[in-house]
Amino acid sequence: MIELQHLSKRYGGGSKLAPVQALDDLSLSVPEGCLYGLLGPNGAGKTTALRILSTLLAPDAGSVMVAGVDALTDPRGVRRLLGYVAQEVAIDKILSGRELLALQGDLYHLATADRNGRIEELIGLLGMQEWIDRRCGTYSGGMRRRLDLAAGLLHRPRLLVLDEPTVGLDIESRAAIWQVLQQLRDQGTTVLLSSHYLEEVDALADRLAIIEAGRVIAEGTPQALKDALGGDRVTLRVREFSDATEAARVQDLLQSCPGVRQVVVNRSQGYSLNLVVQDGEVIARLRSQLAEAELPVFALAQSRPSLDDVYLQATGRTLMDAELSVAGLRDPKVERKQSMR
Amino acid sequence: MTSATPSLGPLKTVAEGPSAFAEIRQETLALTRRLFVQLARRPSTLVAGVLQPLIWLVLFGALFANAPEGLLPGGGSYGRFLGAGVIVFTAFSAALNAGLPVMFDREFGFLNRLLVAPLRSRSSIVLASVLYITSLSLVQSLAIMVTAALLGYGWPGAAGLVVVLVTLLLLVFAVTALSLGLAFALPGHIELIAVIFVANLPLLFASTALAPISFMPGWLGWLAALNPLTFAIEPIRAAYGGTFHLSNVVLNAPYGDLTAATCLGILAALAVGLFLAIRPLLDRKLT
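Residue numbers (our numbering), protein chains in the order written: chain A, 54 to 394; chain B, 60 to 346.
Mixed in with the good hints there might be a few duds.
Stated by the list, open to error - Taking lysine to aspartate or glutamate and the EDC-like style, the derived pairs with C-alpha atoms no more than 20 angstroms apart in a straight line are:
#1 A/K146 with B/E166
#2 A/K146 with B/D164
#3 A/K146 with A/E183
Unchecked claim - Derived DEER-like restraints, expressed as beta-carbon distance ranges:
#4 A/I270 with B/L335: 45 to 55 angstroms
#5 A/E272 with B/R100: 44 to 54 angstroms
#6 A/R129 with B/L122: 46 to 56 angstroms
#7 B/V106 with A/R129: 36 to 46 angstroms
#8 B/L122 with A/N95: 53 to 63 angstroms
#9 B/V198 with A/R187: 22 to 32 angstroms
#10 A/I270 with B/A244: 33 to 43 angstroms
#11 B/P246 with A/S116: 26 to 36 angstroms
#12 A/G177 with B/A107: 37 to 47 angstroms
The hints are simulated quantities; they were obtained by calculation from the structure and are not laboratory data.
Just so it is clear, CB atoms sit at the ideal spot from N, CA and C, and this is done for glycine as well.
Whenever a hint applies, use it, and build me the whole structure from the sequences.
Printed below as a string of structure tokens:
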């Protein structure tokens, strides 16, 4: 459905600012009917990629195909296929929600009767009955996001593109939006969303790409990505508070245990031990080994690898650390300008 | 939140075939409707827009009421002379400001909604503003003309109304196109306001709105005779002067006499030229 090939995009390079390489040879392929997640920290290039896909921005290099239509030579063809829900919700405060949807319908050239029927349908689908005729200026964040989603869906696009659709939303609105996205996917709409919430992408996406510094560093289904890492994660404490010596002793003891791939002492967590083990069966072996050495077990928790582990493996840092490290580098004023067209 | 399943299948669009006209009409009317709804819910714009030119008319008319005989070429009162100037300047100001709402839409992200939509032509955004500003200008012009009549400055008659309509449409078209082009090209509203600020009053003073060319120093007369506002003012002023013919000479420019038809022709050429010139700006993408 979507083929992005070798996209590059560089911003700025003006007198004062160092240029920013927003996209660096990014390639991505989204199959039809897929709910696809773009995961990455803020500043990774997710929004730039989506804006290029939505024909708002021209790449410096690369190609963009949507359902066989070339977005660079036939942007109007792509605009017809695609619904775009931007990150910053843009509404006209003076219009009511219904008037905004009617305007949107006319911009997509829907016939009036179809347009009005479709608006009613979406009001029901997104639970907007109570407030749709009030002015948009009075809406809460969740209401605005729902209205914006309705606007994106109005012309029944084959492809729905959403940029951070649930950022800053209350739990109820988030659940509502998730449900609609899953429903759409079940009915055959291709959905592409960006997010920097691991849980969101993990719970929603059929496939995902992890983006960092403008390139794709991992791609696949959440399960396959986690399975590729392999092994289970085990957190072990022999006592509530061990000391370094004891932790080192346990580390030595367990490292030799068959099926254990890695043992790391986690100082900041009171010398607990983080293990990567082949599978669940290793746990019993661990327990008997500890018992033989007459060591107690205060706590032992086992978990499957998470997307955060995938991210850590691919980049060498956690998503949280990545977020923090870019937070200081961004210039909101410059970004506002970039988002202005 | 209900789990009602929306029916699938393509929605019928107005133009199943590629009827460009139907699509452009639909998107233009929708955008125009938005502007009028905004006006209806924020009527202060309209009230101020009608009051301001009336204040101009009364104050300027009074200021030059005792102007020496012979200031005006055809004789007649200054108030009668001024009416056409105020009508044109009011429409011009409104059109020059047309880019501002578009710039704010751009800054708030609303414009993106229009730019990701498959508009048949982004000129629809210009056309919507032209329709809106022209309608607004006609309301303002009627208020000016009625007030001028009440002040004893005369009434141009039905033919005059047609001249006003045609002239304003051409001028508003040209200036709105320019302003919207700037709204797409300039970095932000500060820069746009600066341009409007610099262009607005100088174009007024360097036109025949407030004084005839014969009253001006030579260099200013040349500027006024090249100023598009003058080409709009003089046909309307001629309509105020009595019987109006397209072939009547309405402007004695330093470079020769111009008929009403020539003035309107220049405005039309300007409108078409600017409309075409800003097309690339509308399709521009940030690179």
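Each hint tested on the structure:
For a cut-off of 20 angstroms, the pair hint linking A/K146 to B/E166 stands: about 14 angstroms separates their Cα positions. Distance check on the hinted pair: A/K146 and B/D164 sit about 11 angstroms apart at the alpha-carbon level, within 20 angstroms; holds. Restraint check for A/K146 and A/E183: satisfied, since their Cα atoms lie roughly 17 angstroms apart, inside the 20 angstroms limit. Look at A/I270 against B/L335: about 47 angstroms separates their beta carbons, and that is inside 45 to 55 angstroms.
A C-beta distance of roughly 49 angstroms is found between A/E272 and B/R100, which places it inside the suggested range of 44 to 54 angstroms. For the pair A/R129 and B/L122, the supplied restraint of 46 to 56 angstroms holds, since their beta-carbon distance comes to about 54 angstroms. At about 40 angstroms, the beta-carbon gap between B/V106 and A/R129 stays in the expected band of 36 to 46 angstroms. The hint said 53 to 63 angstroms for the Cβ distance between B/L122 and A/N95, and at roughly 60 angstroms that hint holds.
Taking the beta carbon of each, B/V198 and A/R187 are about 29 angstroms apart, inside 22 to 32 angstroms as hinted. The hinted window of 33 to 43 angstroms between A/I270 and B/A244 holds, with their beta carbons roughly 38 angstroms apart. Our hint of 26 to 36 angstroms for B/P246 and A/S116 holds, since their Cβ atoms are close to 30 angstroms apart. With their beta carbons about 42 angstroms apart, A/G177 and B/A107 fall inside the hinted range of 37 to 47 angstroms.
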